[in-house]
Amino acid sequence: MKIHEHQARDLLHSYKIPVPPGRMIESVEHAADAFAQAVAGSPTGEVVIKAQVHAGGRGKAGFVKLVKTKEDAVTAAKFMLTNRMKSPQTPPEGLEVKKVLIAQAAEIAKRGASGHEEFYLAITTDRKSRRNILIASREGGVEIEQVAHDRPDAIIKVPLHPLLGLQGFQAREVAFKLGFKGKQINQAVAVMTALSKLFVEKDCTLAEINPLVLTPPTKDHPDGQVIAIDAKFSFDENGLFRHPEIASLADSAEENPAEIRAQKYGLSYVALDGQIGCLVNGAGLAMATMDIIKLEGQKLLDAKGIKDKTIEPANFLDVGGSATEEAVTEAFSIILSDDRVKGIMVNIFGGIMKCDVIAQGIINAARGFKNKDGSTGFKVPLVVRLEGTNVEAGRKLLQDAKGSLPTLQAATDLSDAAKKVVAAVAG
Amino acid sequence: MAILIDANTKVLCQGITGSFGAVHTKGCFLYGTKMAGGVTPGKGGTKDANGLPIFDTVAQAVRETGASATMIFVPPAFTADAILEAADAGIRVICAITEGVPVQDMIRVRSVLDELNGGAETSASKRKFVLVGPNCPGVITPGPRTNMNSTTGEPGAPFTNAGCKIGIMPGYINTHVSQSKRGKAIGIVSRSGTLTYEAVWQTSNLGFGQSTCVGIGGDPVRGLNHIDCLELFADDPETHGILMIGEIGGSDEIDAAKWIEANRKSGRLKKPVAGFIAGRTAPPGRRMGHAGAIIGGADDTADAKIAALKAAGVSVAMSPADMGSAMLSAMGGS
Numbered sequence: 001m002k003i004h005e006h007q008a009r010d011l012l013h014s015y016k017i018p019v020p021p022g023r024m025i026e027s028v029e030h031a032a033d034a035f036a037q038a039v040a041g042s043p044t045g046e047v048v049i050k051a052q053v054h055a056g057g058r059g060k061a062g063f064v065k066l067v068k069t070k071e072d073a074v075t076a077a078k079f080m081l082t083n084r085m086k087s088p089q090t091p092p093e094g095l096e097v098k099k100v101l102i103a104q105a106a107e108i109a110k111r112g113a114s115g116h117e118e119f120y121l122a123i124t125t126d127r128k129s130r131r132n133i134l135i136a137s138r139e140g141g142v143e144i145e146q147v148a149h150d151r152p153d154a155i156i157k158v159p160l161h162p163l164l165g166l167q168g169f170q171a172r173e174v175a176f177k178l179g180f181k182g183k184q185i186n187q188a189v190a191v192m193t194a195l196s197k198l199f200v201e202k203d204c205t206l207a208e209i210n211p212l213v214l215t216p217p218t219k220d221h222p223d224g225q226v227i228a229i230d231a232k233f234s235f236d237e238n239g240l241f242r243h244p245e246i247a248s249l250a251d252s253a254e255e256n257p258a259e260i261r262a263q264k265y266g267l268s269y270v271a272l273d274g275q276i277g278c279l280v281n282g283a284g285l286a287m288a289t290m291d292i293i294k295l296e297g298q299k300l301l302d303a304k305g306i307k308d309k310t311i312e313p314a315n316f317l318d319v320g321g322s323a324t325e326e327a328v329t330e331a332f333s334i335i336l337s338d339d340r341v342k343g344i345m346v347n348i349f350g351g352i353m354k355c356d357v358i359a360q361g362i363i364n365a366a367r368g369f370k371n372k373d374g375s376t377g378f379k380v381p382l383v384v385r386l387e388g389t390n391v392e393a394g395r396k397l398l399q400d401a402k403g404s405l406p407t408l409q410a411a412t413d414l415s416d417a418a419k420k421v422v423a424a425v426a427g
Numbered sequence: 001m002a003i004l005i006d007a008n009t010k011v012l013c014q015g016i017t018g019s020f021g022a023v024h025t026k027g028c029f030l031y032g033t034k035m036a037g038g039v040t041p042g043k044g045g046t047k048d049a050n051g052l053p054i055f056d057t058v059a060q061a062v063r064e065t066g067a068s069a070t071m072i073f074v075p076p077a078f079t080a081d082a083i084l085e086a087a088d089a090g091i092r093v094i095c096a097i098t099e100g101v102p103v104q105d106m107i108r109v110r111s112v113l114d115e116l117n118g119g120a121e122t123s124a125s126k127r128k129f130v131l132v133g134p135n136c137p138g139v140i141t142p143g144p145r146t147n148m149n150s151t152t153g154e155p156g157a158p159f160t161n162a163g164c165k166i167g168i169m170p171g172y173i174n175t176h177v178s179q180s181k182r183g184k185a186i187g188i189v190s191r192s193g194t195l196t197y198e199a200v201w202q203t204s205n206l207g208f209g210q211s212t213c214v215g216i217g218g219d220p221v222r223g224l225n226h227i228d229c230l231e232l233f234a235d236d237p238e239t240h241g242i243l244m245i246g247e248i249g250g251s252d253e254i255d256a257a258k259w260i261e262a263n264r265k266s267g268r269l270k271k272p273v274a275g276f277i278a279g280r281t282a283p284p285g286r287r288m289g290h291a292g293a294i295i296g297g298a299d300d301t302a303d304a305k306i307a308a309l310k311a312a313g314v315s316v317a318m319s320p321a322d323m324g325s326a327m328l329s330a331m332g333g334s
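Taken in order, these protein sequences are the chains called A and B. Using the working numbering, the letters of the first sequence correspond one by one to residues 1 to 427. Using the working numbering, the letters of the second sequence correspond one by one to residues 1 to 334.
FYI, nobody ran anything at the bench for these hints, they're computed from the structure. A hint or two may mislead.
Far from chain A by the CB rule (all over 10 angstroms, computed), these chain B residues [to be verified]:
1) 49
2) 301
3) 333
As a list, the in silico DSS-like pairs of lysine-lysine whose alpha-carbon atoms are at most 27 angstroms apart [as the list claims (entries may be wrong)]:
4) 60(A) x 78(A)
5) 354(A) x 34(B)
6) 294(A) x 310(B)
7) 128(A) x 310(B)
8) 354(A) x 26(B)
9) 98(A) x 232(A)
10) 342(A) x 402(A)
11) 379(A) x 294(A)
12) 128(A) x 128(B)
13) 264(A) x 98(A)
14) 310(B) x 157(A)
15) 258(B) x 128(A)
16) 310(B) x 299(A)
17) 202(A) x 181(A)
18) 126(B) x 128(A)
19) 128(A) x 265(B)
DEER-style ranges, computed between Cβ atoms [said to hold, decoys possible]:
20) 147(B) x 129(A): 46 to 54 angstroms
21) 270(B) x 156(A): 39 to 47 angstroms
22) 183(B) x 163(A): 46 to 54 angstroms
23) 93(A) x 23(B): 39 to 47 angstroms
24) 88(B) x 150(A): 44 to 52 angstroms
25) 261(A) x 88(B): 57 to 65 angstroms
26) 89(A) x 51(B): 52 to 60 angstroms
27) 403(A) x 59(B): 57 to 65 angstroms
28) 400(A) x 270(B): 49 to 57 angstroms
29) 88(B) x 377(A): 54 to 62 angstroms
Note that the Cβ used here is the ideal one computed from N, Cα and C, for glycine as well.
Chain B extracted, bound-state conformation (with noise of 0.2 angstroms):
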């Protein structure tokens, strides 16, 4: 079932009469996600765009529609209160897509999760709670294309009823597995945003499919990391191989290299994985757009991490234009 979501899985948006909310839910939603419907305080009761319907708390929407999942449009002041809402109301996959999150809020949240997930330590298959984010572009398992257009090859609405998407990534780069010309999905985890779109391209123009894509988000205290998803798609029997992009700033990528390299010892991870790490050129000490990608000391410079990913046998592109081929020679196809 790829990782995190599935075609059954019932989407909530939180911010669903925002600006920001509204569109992506509309997106979701002609993706082929089953949008469950969304929460917007005051606004129970009344109906989005799409006829979804809307509820005045969370754990309302959980009650009436059965929802697993949420995306959180909120404003950044409201974020951390929209995490702990849709945690309470018993919600698993919780994407913030909201940029611009005080660290010290994540500080506080991630605190309560990890408390109500057993602990930091729990492995990402088994926490009760997995929040992906903030400041992400959200999860997406793709479907195939369905309702495609005869004439003009474009999808019609909805584009697929086998997939799910969750946030603002677009869907139509996607591939499944069952559409794709070598029959291999990939799994992607992603720091960034477009770079991320970029290797979905890439993989897809190769003619891969991908299993999930997880944007895991730019800021320096977030929810899911590398490790987690590299530990999810190790064991997910529908990813072939991983691709992980990362860039400076912080020590996931290092933490990763090395979770890779034990877990090739214990035989746990048995697939191939490719990388690309962003920000090379950055000058220490700049803030280069994400909160998180600061080069502090000397571990989280972009070389640092390349060299760390390449001991550990990761098929490391050096151009972000070679991060599909980088994962195409690591699948030991030409």
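Chain A with its partners taken away, still in its complex shape (with noise of 0.2 angstroms):
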């Protein structure tokens, strides 16, 4: 589960880690207040405005503006509040933006001639080793991805213990290494701690701060200020039945409407660009069951000679293992929600779910279902694969309801299926 800038920013502020001040508004009448909270005690008199969307790309898009004036602000924010927000991570249309992050530009110190005092620092869980590990480097406010893979030298890593967490001392040492000084280092190590407190304490699967910035030596701070600009945290599923805070933070606007719905109902499903409809009990299984539907695809087109189409997976669906008839009945509802979805397989092999209770599932859908011009009942073609617990049992459930599934297809196995299916749709 992934939250918003302005979310991730009071995250840090509880855990005491500076972030420039600023607020979060929903409306543009708040846009000209707002600008003056952030304006003052600037040492720049700049602002930025920030559109909060999880989506990436929204400097290049225009969604992040740096201004000067009251009149500016208000025009950014208005923007922003009433356009939606294109770039190669959101949908084709766009997304909606609601929440608008207005705050405090802070001043960075310069690098040598031309550079800015700009890091990255992040603490993220390595499968391979079975630790947290904290990640950092003096190149941040860029691409961390690139950057690892050009210079891979300039990434410091350090495992942190399982059960102490990070150390002082590895703190320390990493605040040298990133080029701290003076009463720097003792800034760059309480944020260093506070991270690595809130990703275990509130079940992160990744806490990042880029850039991490110094700003320049004040009165006050006669050695900068050690702030975080940006943050972005992802958070464990698993986890967030202890962190009800965390939880309530999830923007469904963000999440896909199906998705959430399926949710709803302990399915787990991903939609896809395909035409095939999958229906599956078993993660792997299902995984398993999009790739052969892929490949006998492929192999059919490639049969028949045809290159300008591709046969596809419109969905991961799992439908757990203790799923009921309701819930085989909204699976195939969020389905065939999908226009595109022109045939749908459905793959069960038994072990704790049982045949007869996903047959009865397909039946009652099929019953239920009202298609666009009203009648009842599945128009694409149905090909359905049972293996496994009370097998017997469904498929007769199955063959004696045939006069409600008049497109249904019987397989014998994983492979008879997907070729069914995908002749089914090739046509």
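Put the two chains together into one complex; each comes in its own frame, and the hints tell you how they fit.
This is the structure:
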């Protein structure tokens, strides 16, 4: 689960990691006020206006603006709140922006002739060593993946003890390597320590500050200040049960509505771009079903000499081990809500899941499904492969309900099912 | 004796009075597993529907039954505690079936178990405690079918008296080597539950038996991984071929490929290995059901894993329908 930048700032603030003053607004009428608050005490007189969406590419899309006047602030906020943001990371139709962050633009100390004191700091879990690791670099403010690729030496990695977390000596060593001096060292150590504490306490999968910056010296801070400008967090969904305050930050506007609907029924659903809907039990088998659809689809197209078409899965859908008939019915309705779906493959290997429950769910779904023209029942080809627990009962239920399932084809095994469904869709 | 568990393994269920725990205790009991009882704090002294004794603590259950394996069905919030309680009571094979355990819990639990085992590098066969899962279907060492109904051909209860099933796998699709057409047993290791069943089904249909099937689970931080199981199967005289089923995310399968290459050279691994990797069509950055199945970098894609396994001489099925036939061709059969 991801959160917005303004929420990330609040989270950092609650762990005493300094962030520039700022405020989130949801209506343009608050823009002038928010600008006045942010600009007060600013060394540069500059304020940054940022659209609050999870997708990246905001800057290039014009949804991050640096302004110096109240008028410009209002104009920028109004633009963001009334236009959809389009970037390579958003859907083609763009995203509606409902929240805008208005914050003081921090002044960043110079590094050398033309550089700035910008750093990268993150904590994530390294699966291989089964440890949380702190990742830091002197080259902040840019894509860290690029830095890691071009100059792996510029990346510092420190494993955290599974029970003790980040130790003071480790944080100091990182601070020295990043080039901090004097009073900056303790400030940087405090930020790292707080971030690692936050990471574990809130069950994060990623806690990233990019950039972490050093401000120029002032009378109050002769060595400058170490502050966080932007932050990204993602959280372990399995840990949310113990953090209701984090769970409440989820923004449903940022998620696919069909995926949210699926969650309510305990279904794991991911929308994809193809034309064959899949309903499977088990995540591994669901992925494998997607794979075999694409594989058999390609084989068929090759055999027919068709080059300008692809046959691909329309979704990932794992009904889980304990789905009810209602959940199966809901799964069909979610799959068929996508107009691109031209065929459905059901692939069930019953372990905990009983084949007769699935069969009854299919029958109920078909009988209750309303088409746009007012008729009921499935119009798209439906290929069903059942195996495992209560398979005979399941097959009999489907056979007996043949009248309600005119497009049903029973498959004998996985490969038979995939071949039948791609053939039906290819026409 | 296959690997990890055999017909004599006495098994507990932690969370035996929960709905899942109760259903699967019965399933294992009917399969013929030597279920020794279960644990639900506060219900000690009572019996479950199968007449199995229920204890308040794992330590008490071990003292009174001599159990050496456990399957954990408690809710995710209590799973870490249940694993550590089992280890503290001296149980060696700990299968955590529960789905949805927080990653940070597993980091702490693994670190404690690694410490007890003498370090993270201790090989699976030498570990004092072997954790399987969480978020896994369990482990099964099939036994020959007994008590078959002579008219329907369906097994009665107990299904077998020489096998052991721990967890939620359907038992009846497995074949004991003594009843297999080819007289060869396959060891199966997989990150996915239902894909394991598919593999068992295909190998059984092609005339193989299974020595042991281990569902290692789909979580990013877990107990046994592919390498551990490859090692156990490589050294097990009752396993004749190995089928490993992986998926996108993490580097487990790449590590396995390196292990296979190195141990072929050293002569420790003499058995044919076949494999399948799920998720070639999965888009990067999206979680495909399993918490561990997210493509992050270049090395954890299905294609990178397939290439590494092929380079290590593994017979890789490109379609999930061909897992059994990939194993067959690796075994030199047709």
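For residue 310(B) and residue 299(A), compute the direct alpha-carbon distance and say whether it is at most 27 angstroms.
holds, 22 angstroms
Does the claim that residue 301(B) lies off the interface hold, with its Cβ farther than 10 angstroms from every Cβ of chain A?
Non-interface label stands for residue 301(B): nearest chain A Cβ at 12 angstroms, farther than 10 angstroms.
Satisfaction of the hinted span 39 to 47 angstroms by the C-beta atoms belonging to residue 270(B) and residue 156(A)
For residue 156(A) against residue 270(B), whose Cβ atoms are near 44 angstroms apart, the range 39 to 47 angstroms holds.
Verify the proposed pairing of residue 354(A) with residue 34(B), using a straight-line Cα cut of 27 angstroms.
holds, 25 angstroms
Whether the CB-CB distance between residue 88(B) and residue 150(A) falls inside 44 to 52 angstroms
Since residue 88(B) and residue 150(A) have Cβ atoms about 49 angstroms apart, the given range 44 to 52 angstroms holds.
Verdict for residue 183(B), residue 163(A) (Cβ pair) under range 46 to 54 angstroms
holds, 49 angstroms
Regarding the assertion that residue 333(B) does not contact chain A, is the least Cβ-Cβ distance greater than 10 angstroms?
holds, 19 angstroms
Taking 57 to 65 angstroms as the hint, is the beta-carbon distance of residue 403(A) and residue 59(B) inside that range?
holds, 59 angstroms
Are residue 202(A) and residue 181(A) close enough, with their CA atoms no more than 27 angstroms apart?
It is violated: about 31 angstroms lies between the C-alpha atoms, which goes past 27 angstroms.
Given the hinted pair residue 98(A) and residue 232(A), is their alpha-carbon gap at most 27 angstroms?
holds, 19 angstroms
Does the hinted range 54 to 62 angstroms hold for residue 88(B) and residue 377(A) at CB?
holds, 57 angstroms
Taking 27 angstroms as the top limit, are the C-alpha atoms of residue 264(A) and residue 98(A) close enough?
holds, 24 angstroms
This entry does not satisfy hints 14, 17, 25, going by the numbered hints stated previously.
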